[in-house]
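**Q** Here are the chains, one letter per residue:
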Amino acid sequence: MTLLDARTLAAMGDLSLVAQRIVDGFMFGAHPSRLRGTGIEFSQYRSYQPGDDLRRLDWRLFARSDRYFIRESEADTSLTVRLVLDASDSMRHEEDGVSKFAYARMLAAALALIAYRQGDAVALVAVRGDRASAGRADRGRQHYHRMLQELELLEPAGAWPSWQRLETPLVGGSGRGITIILSDLHERIAEIRAAARKLGILGHDVAVLHLLGRDELEFRYDGVVTFEELETGRTVDVRAAAAREQYLAAQAAALREIELDLGEQRASYRRIVLDEPLDGALRSALALRAARSVLAGT
Amino acid sequence: MGFAAPLGLLALFALLMPVAIHLLRRRPRRAIQVGSIRHLAGVASARSVRVTEPWLLALRVLLVSLCALVLAEPYMRAGTVERSTRVALVSAALMEPEAAAVTEPLLDSLRSAGAEVRALPAGGDLWSQAREVDAALPEGSSIVLVVPTQVRVTGLRPALRSDVAVRMLDVVPAPLRSIRPSPSAIHRVAFVVADSRSDDARYLRAALSAVADARGDSLEISMLEPDSVDGVAAARGDWIVSLADTMVASEVAAAVRAGALLLTDSAGGAVFGTGVPLEADSPMLVRRVGRGLVFTFRGHFVPADASVALSGALPELIGSIWPDPAPSAAAPDGWHHVTATQLLPSRAAADSDSGRRRAPIGSWLLAAGALLFLVERFVAHRQRAAAA
Numbered sequence: 000m001t002l003l004d005a006r007t008l009a010a011m012g013d014l015s016l017v018a019q020r021i022v023d024g025f026m027f028g029a030h031p032s033r034l035r036g037t038g039i040e041f042s043q044y045r046s047y048q049p050g051d052d053l054r055r056l057d058w059r060l061f062a063r064s065d066r067y068f069i070r071e072s073e074a075d076t077s078l079t080v081r082l083v084l085d086a087s088d089s090m091r092h093e094e095d096g097v098s099k100f101a102y103a104r105m106l107a108a109a110l111a112l113i114a115y116r117q118g119d120a121v122a123l124v125a126v127r128g129d130r131a132s133a134g135r136a137d138r139g140r141q142h143y144h145r146m147l148q149e150l151e152l153l154e155p156a157g158a159w160p161s162w163q164r165l166e167t168p169l170v171g172g173s174g175r176g177i178t179i180i181l182s183d184l185h186e187r188i189a190e191i192r193a194a195a196r197k198l199g200i201l202g203h204d205v206a207v208l209h210l211l212g213r214d215e216l217e218f219r220y221d222g223v224v225t226f227e228e229l230e231t232g233r234t235v236d237v238r239a240a241a242a243r244e245q246y247l248a249a250q251a252a253a254l255r256e257i258e259l260d261l262g263e264q265r266a267s268y269r270r271i272v273l274d275e276p277l278d279g280a281l282r283s284a285l286a287l288r289a290a291r292s293v294l295a296g297t
Numbered sequence: 000m001g002f003a004a005p006l007g008l009l010a011l012f013a014l015l016m017p018v019a020i021h022l023l024r025r026r027p028r029r030a031i032q033v034g035s036i037r038h039l040a041g042v043a044s045a046r047s048v049r050v051t052e053p054w055l056l057a058l059r060v061l062l063v064s065l066c067a068l069v070l071a072e073p074y075m076r077a078g079t080v081e082r083s084t085r086v087a088l089v090s091a092a093l094m095e096p097e098a099a100a101v102t103e104p105l106l107d108s109l110r111s112a113g114a115e116v117r118a119l120p121a122g123g124d125l126w127s128q129a130r131e132v133d134a135a136l137p138e139g140s141s142i143v144l145v146v147p148t149q150v151r152v153t154g155l156r157p158a159l160r161s162d163v164a165v166r167m168l169d170v171v172p173a174p175l176r177s178i179r180p181s182p183s184a185i186h187r188v189a190f191v192v193a194d195s196r197s198d199d200a201r202y203l204r205a206a207l208s209a210v211a212d213a214r215g216d217s218l219e220i221s222m223l224e225p226d227s228v229d230g231v232a233a234a235r236g237d238w239i240v241s242l243a244d245t246m247v248a249s250e251v252a253a254a255v256r257a258g259a260l261l262l263t264d265s266a267g268g269a270v271f272g273t274g275v276p277l278e279a280d281s282p283m284l285v286r287r288v289g290r291g292l293v294f295t296f297r298g299h300f301v302p303a304d305a306s307v308a309l310s311g312a313l314p315e316l317i318g319s320i321w322p323d324p325a326p327s328a329a330a331p332d333g334w335h336h337v338t339a340t341q342l343l344p345s346r347a348a349a350d351s352d353s354g355r356r357r358a359p360i361g362s363w364l365l366a367a368g369a370l371l372f373l374v375e376r377f378v379a380h381r382q383r384a385a386a387a
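Line order of the protein sequences matches chains L and S. Read left to right, the first sequence gives residues 0 to 297 (numbering that gives the first Met the number 0). Read left to right, the second sequence gives residues 0 to 387 (numbering that gives the first Met the number 0).
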């Protein structure tokens with residue numbers, strides 16, 4: 000159990016500390032970046048290689064990270080990073096003391112920290128049953144801390160709203176950027192697909208981080224179990240051994256469908272299991288862009 | 000093991016309770032909250048009736064059974080006698096060659112029933128001889144006294160441990176043969192019969208006639224309706240046979256008190272209280288009321304219902320309760336006309352009930368039950384703690 004596992008971090012309480020630890024852990028941890036351009040940022044940076052044009056060094060990043068990074072992309076690199084956090088009841092799914100929501104929140108905080116450090120604008124879109132609030136996109140320290148505060152106070156509630164209510168907060172907004180959706184993707188793939196399509200049209204990049212519990216993924220239950228669906232309250236009693244096969248088959252089919260769906264919309268898709276340490280999850284999240292750029296290059 | 004109060008076993012119906020509780024109880028199963036159950040759609044629900052904790056259920060069943068058993072007052076038969084000893088004591092008078100024709104068949108049947116036939120020495124007193132034999136016999140034995148209608152008894156009736164039955168044979172003992180036989184008596188028999196019991200009355204009438212013939216007595220039979228018993232004026236030794244399915248009328252009761260003999264069934268005899276069986280297991284109960292006797296027959300006289308009438312035992316039974324004429328003055332000392340009832344020894348102390356000692360084990364079972372109850376509570380508590 001590393002220091003960056005969700006349980007330990009969740010116990011820390013202070014979200015800004017948590018975010019710092021995650022990001023620092025990732026940067027200075029034992030996670031060698033393999034893919035070219037994979038780094039700690041959203042913009043297309045790469046490590047400084049001898050011979051690079053020093054004018055393209057990002058000094059802010061150097062100040063923070065003590066490493067040299069060359070900004071690669073030519074275009075305006077001011078990005079808007081929009082973090083869409085699923086805060087519906089189903090995110091209260093808990094395994095081993097950590098709920099999906101808690102995990103997603105910490106990951107979102109880490110991503111927000113990175114954006115802030117890069118000088119990118121970041122906005123938080125919290126999707127709850129009663130409303131989907133689209134926060135303002137802004138840069139700067141105060142905004143970052145306000146976001147963290149909002150994250151800390153956020154509690155999951157309600158069911159995933161319909162597309163009508165989601166459209167504006169998800170799609171509306173300005174500028175190019177990247178939208179990262181952190182969700183458990185239960186019965187919301189239609190809305191997310193629609194959002195991905197629209198955002199794609201606008202030139203936005205969409206990344207979907209699918210949160211799953213280990214028990215949920217592998218159906219690590221046994222005996223006679225009563226399951227209660229968080230959002231609806233429906234229950235079902237099953238004999239685990241008898242149900243496992245069917246469950247895994249249904250789940251595999253659903254996951255495949257999601258991958259295909261999102262692939263069609265050219266949205267990145269990553270599965271994150273709750274028992275994964277957060278620095279690894281962060282790397283997963285950030286590798287999306289790099290992976291896509293690699294693929295785009297081929 | 001036996002049960003003093005076997006109705007207590009009805010309490011075993013209470014076994015339904017823990018079984019039902021175990022089967023029907025919806026244990027608040029740990030509900031795991033998940034984001035979605037859609038992948039479980041179509042999985043067969045596990046709501047089937049299941050016994051969740053078989054051991055606890057078994058423990059509870061055992062507990063309830065123990066309670067029911069305790070209610071039924073179980074006892075162990077101490078010192079079990081596999082085959083009770085039966086001894087037939089035959090009066091000397093019956094062993095004489097003249098009496099052989101009457102005696103031998105009875106003795107043979109007793110022998111085939113497993114009784115040891117012993118002849119009593121002549122000239123002895125029946126009671127003391129019986130007492131000697133009884134003292135020598137083990138617990139739970141039974142004695143059959145085979146005697147003539149006139150026996151020699153002196154002193155008080157003894158209290159004997161063994162079960163005693165009496166078989167009376169109509170043989171005049173040798174010492175009395177010289178006595179002029181008593182004159183035949185005329186007995187008046189009044190039948191108070193309800194219409195539904197006319198069959199019983201027929202059989203009884205036949206039996207009474209048969210006995211009277213054997214005795215050399217004669218009968219005067221009158222039939223009365225249950226509603227009109229005014230004409231019942233009975234003298235001593237007269238019979239009233241009441242088969243009316245209701246309690247006997249007060250006129251009949253008065254006649255009995257005056258000295259009549261009433262033969263009736265359980266319904267009719269109820270008003271006089273329960274009597275004493277003539278012999279062990281005899282269906283005929285006798286009770287002295289005033290100067291008369293009430294014979295209550297537990298059963299029916301019609302052959303279809305009882306084997307008594309078929310086997311010819313009915314006349315024998317009647318014969319055993321036939322009133323004997325007053326003894327003639329010249330009877331030798333100590334010789335009495337007796338009826339079977341008079342020969343029965345007084346009941347010994349009640350705890351040698353049916354001759355077998357009973358050791359109640361109810362308290363042991365109760366102690367075991369208390370222990371099991373503590374175990375059950377402990378196990379149930381642990382289960383609850385584990386489930387919580």
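Source of the hints: derived by calculation from the structure; they are not laboratory data. These numbers were taken from a predicted model, which means no experiment stands behind them. Heads up, the beta-carbon is just placed ideally off N, CA and C, and yes, glycines get one too. Incorrect hints may appear among the rest.
Label-pair distances were calculated between CB atoms; the ranges are [what the hints assert, rightly or not]:
1. S/Val18 / L/Ala156: 52 to 58 Å
2. S/Pro53 / L/Thr225: 16 to 22 Å
3. L/Ala10 / S/Ala379: 45 to 51 Å
4. S/Ala379 / L/Asp221: 56 to 62 Å
5. L/Asp221 / S/Ala13: 47 to 53 Å
6. L/Ala193 / S/Leu23: 17 to 23 Å
7. L/Leu2 / S/Leu370: 37 to 43 Å
8. L/Asp129 / S/Arg37: 41 to 47 Å
9. L/Ala156 / S/Leu23: 47 to 53 Å
10. S/Ala13 / L/Arg130: 56 to 62 Å
11. L/Glu154 / S/Ala13: 18 to 24 Å
**Q** All hints, please: hold or fail.
**A** Hint-by-hint comparison with the structure:
The hint said 52 to 58 Å for the Cβ distance between S/Val18 and L/Ala156, and at roughly 45 Å that hint is violated. For S/Pro53 paired with L/Thr225, a C-beta distance near 21 Å keeps the hint of 16 to 22 Å intact. Remark: the range hint 45 to 51 Å for L/Ala10 to S/Ala379 is contradicted by a beta-carbon distance near 37 Å. For S/Ala379 and L/Asp221, the hinted distance range of 56 to 62 Å is not satisfied, since their beta carbons lie about 24 Å from each other.
Between L/Asp221 and S/Ala13, the C-beta spacing of about 36 Å breaks the proposed range 47 to 53 Å. Between L/Ala193 and S/Leu23 the Cβ separation comes to about 49 Å, which falls outside the hinted range of 17 to 23 Å. A beta carbon spacing of about 54 Å between L/Leu2 and S/Leu370 contradicts the range 37 to 43 Å that was offered as a hint. At about 23 Å, the CB distance of L/Asp129 to S/Arg37 disagrees with the hint of 41 to 47 Å.
Here the CB-CB span from L/Ala156 to S/Leu23 is close to 36 Å, at odds with the stated 47 to 53 Å. In this structure, S/Ala13 and L/Arg130 meet the distance hint of 56 to 62 Å, their C-beta atoms being roughly 59 Å apart. For the pair L/Glu154 and S/Ala13, the supplied restraint of 18 to 24 Å is violated, since their beta-carbon distance comes to about 52 Å.
Hints 1, 3, 4, 5, 6, 7, 8, 9, 11 from the list above are not met by this structure, while the remaining hints are.
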